[in-house]
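If you're matching them up, the sequences are chains L and G in order.
Position 164 (the first sequence) corresponds to 163 in numbering that gives the first Met the number 0; numbering is contiguous.
Position 53 (the second sequence) corresponds to 52 in numbering that gives the first Met the number 0; numbering is contiguous.
It cannot be assumed that every hint is accurate.
Stated by the list, open to error - With a cut-off of at most 27 Å between alpha-carbon atoms, the simulated DSSO-like pairs for lysine-lysine come out as follows:
id : chain 1 : residue 1 : chain 2 : residue 2
1  : G       : K103      : L       : K273
2  : L       : K127      : L       : K167
3  : G       : K236      : L       : K220
4  : L       : K273      : G       : K155
5  : G       : K173      : L       : K220
6  : G       : K256      : G       : K155
Simulated from the structure, these hints should not be mistaken for laboratory data.
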Amino acid sequence: MLRLYNNIFLLCLAASHAAFATDLIPNATVAVATKIIELEWDAVDKAESYEVRLTPELGGVAFLSMALENRLTKEIPLGRYSVEVRAKIKDEDKFSPWSEKIELEVMSKSTLPLRPADGAVITAEGKKNVALEFAWAPVEKVKEYTVRVWSQARKNKPWVFNTSKTQKTLNIPPGEVYYWQVFFDRSDVISYNQNPPIFSFSLQGKQLVRPEITTQVESGKVKVFSWKASPGAGGYTAKLSYRPLDEEQYQLLRKVTLKQPLWPAQSLRAGQYKLEIQAFALKRAPSQIAEFEFVIKPTVDEMQRALNSLAADQP
Amino acid sequence: MVFLNSVMSLLFFFSQPHLAFSYSQEDHKPTARDLALQAQEDVLCWSTVEFKRALNFMRQNKFIVMNEVGSRQLAERVARGCNGASERFEKMLAMLKTIGLSDKKALEIALEFSGYDTEVQTNFLEIFNKAFLSEFFDYDYTSAARLAYELSKEFKGDPVQVREDFIELVRFCKDGKKLDLPLNFCAEFAVKVAKLSQYYEEGVRQPFYSFYTALRERKDLSLDMKTALDISYNVLKAGPRAVKNFMEAFEFGLSDKGLMMTKDEALSFALRMARRSHVGDAPPVIPSKKVRPEAARAAAL
């Protein structure tokens, strides 16, 4: 009979984020806090291999793993699981019955951010404060969490809130980069020397209006790139890319930052071009990128000169 | 086979007016040997001259940079295009690089056209330039290339005639005193009518002017511009006898001694008669006076 150790080893080797693609949201990834666990059980005589089943307490698909020895190392999402093991005996084409179930709690010993994601860029709808939900992965046996949020401007005066839950909504003004960390107070006697990681996100003000490109191509030439100013814009990022007429992939030629909605076009060789303009301003989300594709063509004279140069090249 | 070759040589000779003239001056008819020599001349190539010129171009030109090994390989391929191949190659490459094509595509097309007759290559150059450059039709590259291909390597008739037809028809279409139509329409229209050149020995432009003018100006016809253009095209595409058939049928249709039709009925009758101006699906194509398909195939290898 297979029997698990009463005191199953549960070794935290590392805690990490992992990107689990979901079937529900195509092309989306959801950051799920995971942990690597190590399980070990009594070996069974003549066992060829073992099968381990971890069933989440809250339902969902069970994790089924195969092990050649009486131990298993596996990365799984945080949560509660029931664990059971069975053995495949050598030269027998069947498994032993499942072992007794053991309850397993996979919890973190430090907070991990769920929302806002670390490094996220969030755009506000208007100029008013934004109700933003902060959420983090639970830590085992926690009585209360303390959330600390600050920006560069409020470095010495952070918002601090206490909660027993794993999320908290705060109203914060847009136009800043924010930092946050979560401390916790455990209900047991164990005291952790806490130095929780600091996460950050950018809460940008209302998005600038996309510039309207007014550049004129006359007789296959451009003298100056121009566009209508976006209200509130502090400047513009302009990019010019080129490709030969028969190719599809553009290559970046020039990238500049401009204060005014004008950019003198230096002599451009013939071919296909793409101009991209984006408005930006402090505390505002940059505009969508305006694009303008155009073709630079030689004049009749230029074409004639190119053909005439052939005769001149002949020895 | 020998008989067939002799007939082909004879046909070629009479398609070369300058040769016919030189013999008539000396007041004697070309012998079979004269014809054979001329036929031979036309398929003999100065391959080393072409190779040297192409290699020299690849080493010195300002349009494309290639290493020595690549340049030699390319020059060998150009030399397969026979006399004039390197010049055709240079011109095409210079034009295609000047309009902003990639090196790969420019080389591919230049090499292809180095193997065609010079007139075919000239057609591509002139028609592409007219279609693409901003001073003329200002088409995008793909549309301009399509037009140029249609009237160069894909054209079955005489390349000189179709080029003249295209240029003259565009001029006629844009002319403020004649049609004065929008540029885009003129380009499409000129290509459509110029393609009929393959059925007309001296090109389609003169038959078109005469017929269109008659449709517009003759008192019994006096058609509006659109109808006159449509009928012109539809009649001319039925070959060189279609205009005469149309006119005779129209007159006979209206005549008291003929069919005593109304004007519209007579026009329909005339169009039916015009369409029957040839047997088969289309009139016979008048072959080009001088093409070098063998060389074109060789260069494409």
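Structure-based check of each hint:
1. Annotation: proposed proximity of G/K103 to L/K273 holds, straight-line Cα distance about 22 Å (limit 27 Å).
2. With a C-alpha separation of about 19 Å, the suggested pair L/K127 and L/K167 falls inside the 27 Å cut-off, and the hint holds.
3. Between G/K236 and L/K220 the alpha-carbon distance is near 40 Å, which puts this suggested pair outside the 27 Å criterion.
4. A distance of roughly 39 Å separates the Cα atoms of L/K273 and G/K155; the hinted pair therefore is violated under the 27 Å criterion.
5. Among the hinted pairs, G/K173 with L/K220 is consistent with the structure: their alpha-carbon atoms are about 24 Å apart, no more than 27 Å.
6. Taken as a hint, the G/K256 and G/K155 pair is broken in the structure, with Cα atoms around 43 Å apart against an allowance of 27 Å.
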